[in-house]
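Engineer: Chains as they are written, first to last, in UniProt numbering: chain Z, 1 to 359; chain P, 1 to 359.
Don't take every hint at face value.
Heads up, the list lumps identical chains together, so a pair's fine if it works in one copy or across two of them.
Below are the DSS-like pairs computed for lysine-lysine, each with C-alpha atoms no more than 30 Å apart in a straight line [as the list claims (entries may be wrong)]:
#1 Lys65 <-> Lys126
#2 Lys225 <-> Lys126
#3 Lys120 <-> Lys100
#4 Lys273 <-> Lys225
#5 Lys65 <-> Lys225
#6 Lys65 <-> Lys159
#7 Lys356 <-> Lys206
#8 Lys159 <-> Lys188
#9 Lys188 <-> Lys65
#10 Lys339 <-> Lys356
#11 Lys65 <-> Lys100
#12 Lys65 <-> Lys339
Because the hints were derived from the structure by calculation, they are not lab data.
Note that the structure is a prediction, hence the values are computed from the model and not measured.
Number of protein chains: 2
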Amino acid sequence: MSGWPTSTRQWRVAQRPTHLPQLTGPDATFEMATVPLPSTLHPEQVLLKTLFLSNDPAPRGWIYKDLEPERLYATALNQGDLVRARTVSEVLESTSAAFKPGDLVVSMTGWTDFFIVSSKDVQLAKPLPRGLSPSHHLGFFGVSGLTAWQGLVVVAQAKPSDVVVISSAAGAIGSIAVQFAKRYIGCKYVVGIAGSAEKCEWVVSKLGADACLNYNDPNFVADLKQATQGPERAVDVYFDNVGGSTLDLLLTRMARHGRVAVCGLISMYNQPKTEAYGVKSWFDVVSMRIKLEGFVVYDVWNRRSEAADLLIKAVEDGTLVVDEQQETVRVASFEEIPKVWLEIFGRSVSGKLVTKFVG
Amino acid sequence: MSGWPTSTRQWRVAQRPTHLPQLTGPDATFEMATVPLPSTLHPEQVLLKTLFLSNDPAPRGWIYKDLEPERLYATALNQGDLVRARTVSEVLESTSAAFKPGDLVVSMTGWTDFFIVSSKDVQLAKPLPRGLSPSHHLGFFGVSGLTAWQGLVVVAQAKPSDVVVISSAAGAIGSIAVQFAKRYIGCKYVVGIAGSAEKCEWVVSKLGADACLNYNDPNFVADLKQATQGPERAVDVYFDNVGGSTLDLLLTRMARHGRVAVCGLISMYNQPKTEAYGVKSWFDVVSMRIKLEGFVVYDVWNRRSEAADLLIKAVEDGTLVVDEQQETVRVASFEEIPKVWLEIFGRSVSGKLVTKFVG
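I would like the entire structure built from these sequences, with the hints used as guidance.
Structural biologist: Following this line, the structure appears as structure tokens:
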């Protein structure tokens with residue numbers, strides 16, 4: 001082809017951080033590199049051009065300083081490794097009958113302009129209902145939706161009689177979990193936790209939660225106790241995206257035999273373990289017979305089509321909603337990719353944070 | 001009858017403690033009282049004389065300062081309440097056809113010389129195999145054995161392919177759990193944790209553990225890592241009796257999809273929650289998909305005969321062992337009852353701590 005690129009820029013790991021990743025200075029977490037690209041494809045390969053990048057907490061775990069690699073659910077990223085991320089890309093060239101130039105695909109490529117990958121590691125980005133942008137393959141119809149489904153349906157086995165609390169309720173996964181709980185499963189009482197009154201308004205009015213509490217409000221602890229007071233409001237399922245003090249507090253609000261789906265620990269990723277928040281409510285774990293279970297989306301990876309089909313159908317028939325707050329899109333140059341990613345720890349984003357990459 | 005007592009002494013709660021219960025002084029946790037006894041029984045009652053008292057951590061939870069009563073799995077003990085404990089007693093008088101004077105029975109009476117109770121709350125203490133003392137109805141064939149069975153079989157669902165670690169392995173429940181894991185289920189590798197070299201020797205040589213580590217040894221952390229190193233030794237089941245830093249450490253040693261049966265928190269009972277040890281290893285909970293579940297013996301209370309029969313048969317056929325270290329008996333006067341109970345927090349006891357009450 002005429003426009004075949006001879007090289008690609010990549011963001012790589014410069015050093016594994018102990019605290020919050022740094023953009024610049026001697027402790028910079030990432031570094032840019034330019035590497036040559038092969039001028040031809042092997043059989044069953046595709047050459048991809050990055051269009052959208054998914055921004056997730058997961059890479060923070062993959063670059064966790066001092067983590068033993070075997071304690072990780074995915075391959076760790078070491079110094080010099082390309083930062084992995086899921087992307088929506090355009091196929092520029094293909095030696096696979098399954099893909100042709102111009103196709104949009106979803107794959108795990110990373111922070112790179114271009115990428116050559118085996119066709120078996122690429123999925124076609126089929127058109128989404130209601131004219132939604134293909135970027136939603138990274139969020140609602142992708143890993144975020146699959147994770148929300150897994151946590152509520154597979155792990156917590158939420159049912160209509162359950163009281164459910166969901167933290168990061170305006171976040172990429174939580175905002176789908178709230179809808180799953182209330183609008184799909186029909187749980188009797190669903191409480192979201194989010195970081196502003198504006199987010200809480202969205203969680204209640206659009207996502208369907210019965211209540212949403214602002215953890216930045218000085219009355220948050222009292223409000224949560226009030227919302228979960230009495231046997232009719234004791235928490236059967238806590239979908240935990242944050243860990244830390246919120247988890248500690250929720251353990252004291254669980255119903256007997258309550259279940260905690262431990263999805264993520266956004267409050268704890270940027271500290272070395274020695275400085276991390278320690279969860280103290282173990283008396284409640286025993287006394288109330290609480291079950292806590294960590295989970296990772298790769299355990300249901302073989303069911304991602306099933307979940308995506310379910311989500312597409314639910315959006316088509318109006319059971320679930322994808323509105324403009326379900327996704328935050330940042331238009332970014334290559335240089336800005338790490339800065340946009342860091343926003344996921346800044347708590348200002350609504351829904352899924354996607355980078356629209358403009359070269 | 002000629003010896004009908006007109007009154008009984010009782011130990012009652014003087015005040016609910018925040019830290020370690022106190023025997024004397026202005027903060028004394030317990031106080032003695034003498035109360036009159038009725039001179040006749042109602043229909044279907046028995047008059048009991050206490051012979052053996054069970055010493056368990058549970059009452060520490062029931063007198064937990066500032067605990068909301070609805071967060072407890074049993075009725076809380078408040079100021080003035082008789083301290084509840086399971087006992088082996090002798091029937092002095094009975095208006096029930098099921099019991100006659102001289103029978104030995106097991107029931108939940110407490111720290112009292114005598115007690116009048118409904119016959120439906122009393123079980124006959126049937127003779128035990130191998131001439132064992134009826135005091136073992138309080139431990140091996142009673143609540144301790146039932147709890148060990150529940151934790152391993154019902155909660156953790158341990159199977160022969162599992163690597164199992166058990167803390168308080170020389171304690172009342174742990175010492176039975178070790179035998180269950182190794183000698184009954186036949187788990188492939190069983191590691192005990194106990195507080196002295198002498199206890200560890202017993203855990204390995206008599207109870208059947210493959211290894212036992214002394215948590216008071218300066219090399220304990222390194223020894224535990226060594227004992228659980230590599231994929232063949234990653235911990236599938238942790239039977240947790242202690243909580244705290246040991247739980248935190250074990251979370252970093254669990255296999256993928258490992259299960260933690262959270263039975264007790266002996267390291268954490270004597271602190272207010274604000275001062276309690278905080279468990280930090282949540283990254284492992286997610287990354288390794290660990291399942292933690294608190295449990296309480298009352299959830300399998302209706303299966304206690306099934307478990308007792310299983311235990312009796314296993315001791316009769318030699319699968320499980322009850323030797324002299326399985327029970328520590330303290331001969332005590334009424335005044336000494338609280339002091340003996342406090343020994344369970346002192347870590348010097350082997351097996352079940354029973355008070356032989358001599359009036």
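Engineer: Are any of the numbered hints broken by this structure? If so, which, sorted upward?
Structural biologist: 1, 2, 6, 9 and 11
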